[in-house]
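Participant: Using the hints, position chain B against chain A.
Spelled out, the chains give:
Number of protein chains: 2
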Amino acid sequence: MPQALEQTQKHETFLKKTEAVFKHMFDHTCGSIEQLDGQLFSEQRWARDNGNWVTGENSSDAIYIDRSLQNGSVFEKIGVNFVAINGELPPGVTFQKAGALTTKEADKEENKAGTPFFATGTSFVIHPYNPMVPIAHCNYRYFQIGKRDQPQYWWFGGGADLTPAYLFEEDAKHFHQTHKQVCDQHDTTYYPRFKQWCDQYFHISHRGESRGVGGIFFDQLNDLSAEELLEFVEACTKAFPQAYLPIVARRKDADFTDTNKQWQRLVRGRYVEFILTSDRGARFGLASGMVTPQSVFNCMPPAAAWTYDDQPASGSAEAALKQVLQQPRAWV
Amino acid sequence: MPQALEQTQKHETFLKKTEAVFKHMFDHTCGSIEQLDGQLFSEQRWARDNGNWVTGENSSDAIYIDRSLQNGSVFEKIGVNFVAINGELPPGVTFQKAGALTTKEADKEENKAGTPFFATGTSFVIHPYNPMVPIAHCNYRYFQIGKRDQPQYWWFGGGADLTPAYLFEEDAKHFHQTHKQVCDQHDTTYYPRFKQWCDQYFHISHRGESRGVGGIFFDQLNDLSAEELLEFVEACTKAFPQAYLPIVARRKDADFTDTNKQWQRLVRGRYVEFILTSDRGARFGLASGMVTPQSVFNCMPPAAAWTYDDQPASGSAEAALKQVLQQPRAWV
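Chains as they are written, first to last, in the numbering used here: chain A, 5 to 336; chain B, 5 to 336.
Take these hints with a grain of salt, some might be off.
Unchecked claim - The calculated DSSO-like cross-link candidates involving lysine-lysine, where the alpha carbons are at most 30 Å apart (straight line), are:
hint: 1; chain 1: B; residue 1: 151; chain 2: B; residue 2: 21
hint: 2; chain 1: A; residue 1: 14; chain 2: A; residue 2: 27
hint: 3; chain 1: A; residue 1: 265; chain 2: B; residue 2: 256
hint: 4; chain 1: B; residue 1: 27; chain 2: B; residue 2: 265
hint: 5; chain 1: A; residue 1: 256; chain 2: B; residue 2: 265
hint: 6; chain 1: B; residue 1: 265; chain 2: A; residue 2: 265
hint: 7; chain 1: B; residue 1: 177; chain 2: B; residue 2: 27
hint: 8; chain 1: B; residue 1: 265; chain 2: B; residue 2: 151
hint: 9; chain 1: A; residue 1: 256; chain 2: A; residue 2: 242
Source of the hints: derived by calculation from the structure; they are not laboratory data. Since the model is a prediction, treat every value here as computed from it, not as a measurement.
For reference, chain A alone in the conformation it holds in the complex (with noise of 0.2 Å):
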């Protein structure tokens, strides 16, 4: 077989197995939240028609999958998204200007509109019922831009981060630790590079706090062997559920008053005011048009409250909180 077209089938191989560890996590980690909750995931496909997305049966080259739980008995509200999309950007968008990409390499990928690409992933938000039990937000996905079987350049990127509304330091130690273990498995210095990372991402610039007390966090990541990087990325889109579930399982049927549930939903306003603002997946995802607005506002809490002073007193179980978003803590 000739050295290229071998290149060309290794590369394919590559994409199918990563697109493969994506949707594994989708279907399997939707099945661990049925399980904890009782109730089952509605789902909703995409289409493309004429360049726009409708409601309707996935084609080969576009697999673009919702699933929304609602009202559950653990789970208020979550939103997940599966996709594996071959498109081209459409007329003045361009990655960088989208902001999914901020690397010199993308710069050369400015102003050409058009440019094919290629991109899989999973994303989770999950707003649990009671306020005991924290926020999760976990996203892995590949991208590739430029022709399928010959990129001009590729990445990953993703990572897993926890907001709670009431802060139980062992559950942050458990998040914390679990990611610590599958990136120290791969590669020593990506914890402390990682973590850091999500803390400076995650963070709420015009409130001068964190959204919550972080995990992982990476992106344009290619440092490797694209095989090797999609092993570690695979090790994480499997820490995930070990490392939220648990925390659920053991808060979800944990007493709370209706001033914990208001502040929940004050908590809950800045995760909006993130999204809104400084999300970059979000921005990107509307920009992009790769989905569409009712995709990227899955991750949208079920209700979400704002007051004109929502300091809590000194001394509270909220006010601690507050202390650790202002000033983001090491966890192990």
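Facilitator: Structure of chain B alone, referenced to chain A:
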């Protein structure tokens, strides 16, 4: 008296009068709202402390007051603000960058951090409890750049708009008619221009929808003498309570269901999306440091909701509203 001194005194008189017009609206409209609701506003004053705002008594060069009414009998949450601030833009921030100016004159001010400015204005964002009563927003303001007595550039901006959860055509007509009357008394080109400007400005582009049924909006208005424009803006400040409060009075005791209340929360969710992604005033407030984030977010609704699929059933009252949001209508 030398001519230059006379000019200086005349401008100072104009500034004081402008400030008084906004302060009058602030106090008078708050009073009318308190009368309708039965509950009183609480007040928060801010003082400068080494360039930061802290709660405390205003100084003479920076009057900055928030008012808030929450969980009233008619209104669920109202955020009101009055400012009359002499200041300097913080380093790295210009009016242009902060999005407050987009004209060619403004370009000249680009990159002149530390530019002195004077700003005075008042704003109201009113979230009623009953979903049959529309949300109302109103803001009028005067800005000038340069020395207080010899500004390089000045302008008025402002407007008022209505965001119903349920559309009553007579309410939209009354709101527009009241504002049209005031516009027509000053310049018959104003209402058509400012109505269209409002439709364009209060547009949630990622949703392809207006946030409501509009009203009037204008910015960088300086095409007449400052004194003439102040007369127009003063008339606008008086029109707002006449345009809105009769609607409140007529709908506040209307019957509604839990479904109506949940739809109101979804509409408020879109309102939040607009404020956080598109509102130039909010962005300028956060970027300029002219006011605190707490004041900027005084406009937020008390409780907003998101659900995966919020498209209303065809033929419903909710669907009738959506149709108008997707295709702005002429109301008078």
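Participant: None of the hints should be skipped; say for each whether it holds.
Facilitator: Hint-by-hint comparison with the structure:
Distance restraint check for residue 151 of chain B and residue 21 of chain B: the Cα-Cα separation of roughly 18 Å lies within the 30 Å cut-off, and the hinted pair is therefore satisfied. Between residue 14 of chain A and residue 27 of chain A the CA atoms are separated by roughly 20 Å; this keeps the pair inside 30 Å, and the hint holds. Restraint check: the Cα-Cα separation between residue 265 of chain A and residue 256 of chain B comes to about 28 Å, which is no more than 30 Å; the hinted pair holds. This hinted pair does not check out: residue 27 of chain B and residue 265 of chain B have alpha carbons roughly 34 Å apart, beyond 30 Å.
Only pairs whose Cα atoms come within 30 Å are accepted, and residue 256 of chain A paired with residue 265 of chain B is accepted, the gap being roughly 28 Å. Distance check on the hinted pair: residue 265 of chain B and residue 265 of chain A sit about 19 Å apart at the alpha-carbon level, within 30 Å; holds. Simply put, residue 177 of chain B and residue 27 of chain B have alpha-carbon atoms about 28 Å apart, close enough for the 30 Å limit, and the pair holds. Under the criterion of a C-alpha separation no larger than 30 Å, the hint pairing residue 265 of chain B with residue 151 of chain B is inconsistent with the structure, at around 50 Å.
Our distance criterion of 30 Å between C-alpha atoms is met by residue 256 of chain A and residue 242 of chain A, whose separation comes to about 22 Å.
Violated hints for the displayed structure, listed by number in ascending order: 4, 8.
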